[in-house]
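Trainee: The primary structure of each chain is shown beneath.
Protein chains: 2
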Amino acid sequence: MKFNAYLLSVALLFGANVLSAQSNIQKITAFRKANEQDIIKEYLKLVAIPDETNDSANVLLNAGYIKEMLVKRGISNAELLTSPSANPVVYGDVKVPGATKTIIFYAHYDGQPVNPKQWSPGLKPFEPVFITAPIEQGGHIIDYKPSDAIDPAWRLSGRASADDKAGVMCIVNAYDALVKSKLKPTYNIKFFFEGEEERGSTHLADFLAKYKSKLASDLWIICDGPRHVSGKKMVSFGVRGDINMALTIYGPKRPLHSGNYGNWAPNPGLMMAQLLAGMKDDNGHVTIKGFYDDVTPLSAREKEAISKIPAVEPALKKDLGVAEPEGGVRPLIEAIMLPTLNINGMASGNVGALAANVIPTKAEAMLDLRLVLGNDVERQVKKVTDYIKAKGYYITDKDPTDEERTKYGKIIKISHDAGYNAQRTPMDLPIAQSVITAIQSTVAYPLILTPSSGGSLPLFVFEKALGAKVITIPMVNYDSNQHAENENVKISYLWEGIETIAALMQMK
Amino acid sequence: MKFNAYLLSVALLFGANVLSAQSNIQKITAFRKANEQDIIKEYLKLVAIPDETNDSANVLLNAGYIKEMLVKRGISNAELLTSPSANPVVYGDVKVPGATKTIIFYAHYDGQPVNPKQWSPGLKPFEPVFITAPIEQGGHIIDYKPSDAIDPAWRLSGRASADDKAGVMCIVNAYDALVKSKLKPTYNIKFFFEGEEERGSTHLADFLAKYKSKLASDLWIICDGPRHVSGKKMVSFGVRGDINMALTIYGPKRPLHSGNYGNWAPNPGLMMAQLLAGMKDDNGHVTIKGFYDDVTPLSAREKEAISKIPAVEPALKKDLGVAEPEGGVRPLIEAIMLPTLNINGMASGNVGALAANVIPTKAEAMLDLRLVLGNDVERQVKKVTDYIKAKGYYITDKDPTDEERTKYGKIIKISHDAGYNAQRTPMDLPIAQSVITAIQSTVAYPLILTPSSGGSLPLFVFEKALGAKVITIPMVNYDSNQHAENENVKISYLWEGIETIAALMQMK
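Chains as they are written, first to last, in the UniProt record's numbering: chain A, 1 to 508; chain B, 1 to 508.
A hint or two may mislead.
Same chains, same label: a pair holds when it works inside one copy or across any pair of copies.
Stated by the list, open to error - Using 25 Å as the maximum straight-line C-alpha spacing, the simulated DSS-like pairs for lysine-lysine come out as follows: (1) LYS410 <-> LYS317; (2) LYS27 <-> LYS95; (3) LYS389 <-> LYS317; (4) LYS382 <-> LYS232; (5) LYS317 <-> LYS391; (6) LYS95 <-> LYS180; (7) LYS382 <-> LYS410; (8) LYS398 <-> LYS318; (9) LYS508 <-> LYS182; (10) LYS253 <-> LYS318; (11) LYS318 <-> LYS413.
The set of hints was computed from the structure by calculation and includes no laboratory data.
Work out the full structure, taking the sequences as your base and the hints as a guide.
Mentor: See the structure below:
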């Protein structure tokens, strides 16, 4: 940790606290260095327990192992919270003498379903190994023995190594380091490790309702997701809401010979193309009436934070093969601050070798609507539905009857999931400022602060069910292949994550 | 055969010829009635020989059987014409003393690939049986014995029973009936039974080149396809051309998280929707520059013929569940006289249960362009390509390189098959008038005369390679399920087809 001009200016601004935080973090780092082989041993064991979210038997083994990790660290009240049909939550808490406020640390221990065949040769989802770099970028597997020194540039490969067992490891070991270094937490601490995030946190609301008083806190810290593309530490004060709408437009009842009936029988593929095409203009602006009307404007503080986020566009363009982003020169971070409408999928008839000269019977599309603060899922769906209605469509929620087909020229089936709203914590709340100060004390560069991530999590339930504030602190490397093959964590991110959480446990 | 007012007016117009043709047809009918059990026996045997077009071993058995059918009828020069990699053509000819002109009768004996599992219980593609009506409309299988009388309302079920072994049966038995009834053909007669129509007549041009002098004739009569929806006999003077264009629009190189990158990364699904949507206006009119410019206008005679075709739209609307045809009130037959542009298929990402919140990497579409007289496949493709270019697309014929992706914001891959042009024989040619008069003599209602069918066949090759005229005389019932499960022929259509062909063999 070197003192540079930036850190010095922070120290001058916040005074002695920052300097004392600095010395505390050095203790945490020292503890980690002395114990990193034990930490890695436990991490390897944890990643080796299969945890595909629908494999409840194995998921339960993970829960038991993590509960023991808490008990081993003196959290003797660790327990499994249960709800019917749900994978359990691993819970524990620590009352800190003199503390008046409570932070609850969230991570999840279940992983995405995985297809081992897609992994690079030598890598297996539940047989974690160290690699020098991603295999597809020329890395190789390290012949690691438990007594070997660990290079922080190495990566540990395995399903859920990043998403989100890294979160569990950072939280548990930060607490351990704190206690063993004789540093006192400033808040009461609770641990909440979910077991079904990867299947949509189906029972999260049930858990929050059932264990409302046990889960009472001032702040939820969500340890999940990757840090900024630049590699810098990041604090995200919100997530977007999300809802999917499935559209089906109907053509003739049977597939028709395109020569005998084409240009007389309505073509549902063309109808879908024309319906979707009009939803956005050439600048990527959604043309649906009122689409942006209820967006809560960014505060001055939020705007300022955004303006300081380093540009990622040149690197992304190269990486992704994008010459002209949708919306032109608008930075990605500005797009993230707006509600979106995207086509996730579109299908009508067949393409490629299966294509036939027919007028298809239907065309389908799946829309993805991301919501920001101020939007409401039901209102957002209504805006899209009203747009479709204004285009002359008869709207139904099931396949049309013969009578409806005879009556209406343009028929569309619309269905959607429940969806959920966005969540955003104001960056200028005192507790938000405390979080920023604590994490800032661990690094020598300005943190990346974002009012909201681009992605979605149902974090609004914490606010709604418990009245708690929520802030997300991502732990792992950007290129960790979350949800995909060859998932991995760069070890330096694990070490830095422990420091981050330890700093939060001592924040003022 | 009853003489009604219409037929009387035809007789008054054309005089004695019609009355003599009438009496000749009665002889054909009498011969057929006396021999129908033998005809059916042979038909059942022919349909029982599997003939899926890619099953060359079995296709060859069909060819041998049909050659023997010709020999049995005194056409001793019957032979198999060959070309490398091609299923053979069954050929034979009859020189008629005094005849100065030649008609060549075309049918094909190969069938579409078939999935027996899709057929109704009791029906098997290559075990032909009689049914009282389509099984799906409440028909049942008849326990037929070879000596039973045959009800002309019955249908014979089996793959290729309609498409196009019915054509072979009608041609061969018309000639047989003519000779055995001691009626003399007025033209030299040639027989041409193709063995690979169902895989695109891949070697037809090779055969026409190799056997150019053998195949010389004044007129090709194509016996293929279903008669008009009204059940009336039909003469079609042309077919449309056809070409398919496959389009692929590229998005980011990897599928991207729609929350983290949506509305920044270009969405290829939306780009495809916007490209396709603009190709047609709300009236079904293709907006592509010059799309209709080179269409050869219909002659007065053709316009008149079209105006007399009975309306099929009310029945089709009910049958197909169509409330508002594309192009509004324009009759189907008018749409068929125009070049078309249709979307056969469209795909991007996934829909339904497989849908994911991603920005897909590409969007694909398959276009079907039907061509009419005056159009040219290369010109038609160029019109569409120019339209796409004018929308700002960089056009390639392969997946883009990284360099192209960096350089061009809108990239599309366009590929297409060879395609072929339309064919149309003017209805007022003397030989066309002879055909009309001959077939009209077999029925008491006005024939359906159409300048062109909606579908496509590469009939232009006969004109191009041999300088011959081509007229299509469809043989079978409209609801014969050609290319599909439960294919069948209504026996009355077989009997009427024999009369039709016999009338053509004696036309003036």
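Trainee: Confirm or reject each hint.
Mentor: Here is what the structure says about each hint:
1. In the homo-oligomer, the alpha carbons of LYS410 and LYS317 lie at most 25 Å apart only across protomers (14 Å), although the nearest pairing inside one protomer, at 40 Å, exceeds that limit.
2. Taking identical chains as interchangeable, the C-alpha atoms of LYS27 and LYS95 lie at most 25 Å apart only when both belong to the same chain, with a minimum of 22 Å there against 109 Å between chains.
3. For a Cα distance limit of 25 Å, the shortest separation of LYS389 from LYS317 across copies, 23 Å, qualifies, whereas the shortest one inside one copy, 37 Å, does not.
4. In this homomeric assembly, LYS382 and LYS232 never come within 25 Å of each other (Cα to Cα): the closest approach is 39 Å inside a single copy and 51 Å across copies.
5. In this assembly of identical chains, LYS317 and LYS391 lie within 25 Å of each other by CA distance solely across copies; the values are 22 Å between and 36 Å within a copy.
6. With identical chains, the CA atoms of LYS95 and LYS180 are at most 25 Å apart within one copy only, with a shortest distance of 17 Å there and 110 Å across copies.
7. With identical chains, the CA atoms of LYS382 and LYS410 are at most 25 Å apart within one copy only, with a shortest distance of 19 Å there and 32 Å across copies.
8. Taking the shortest alpha-carbon separations for LYS398 and LYS318, only the inter-copy value of 20 Å comes in at or below 25 Å, while the best intra-copy value is 44 Å.
9. Taking identical chains as interchangeable, the C-alpha atoms of LYS508 and LYS182 lie at most 25 Å apart only when both belong to the same chain, with a minimum of 17 Å there against 114 Å between chains.
10. Proximity of LYS253 to LYS318 under the C-alpha cut-off of 25 Å is restricted to the inter-copy arrangement: shortest distance 10 Å between copies versus 46 Å within a copy.
11. In this homomeric assembly, LYS318 and LYS413 come within 25 Å of each other (Cα to Cα) only across copies, at 21 Å, whereas the closest approach inside a single copy is 39 Å.
Hint 4 from the list above is the single one not met by this structure.
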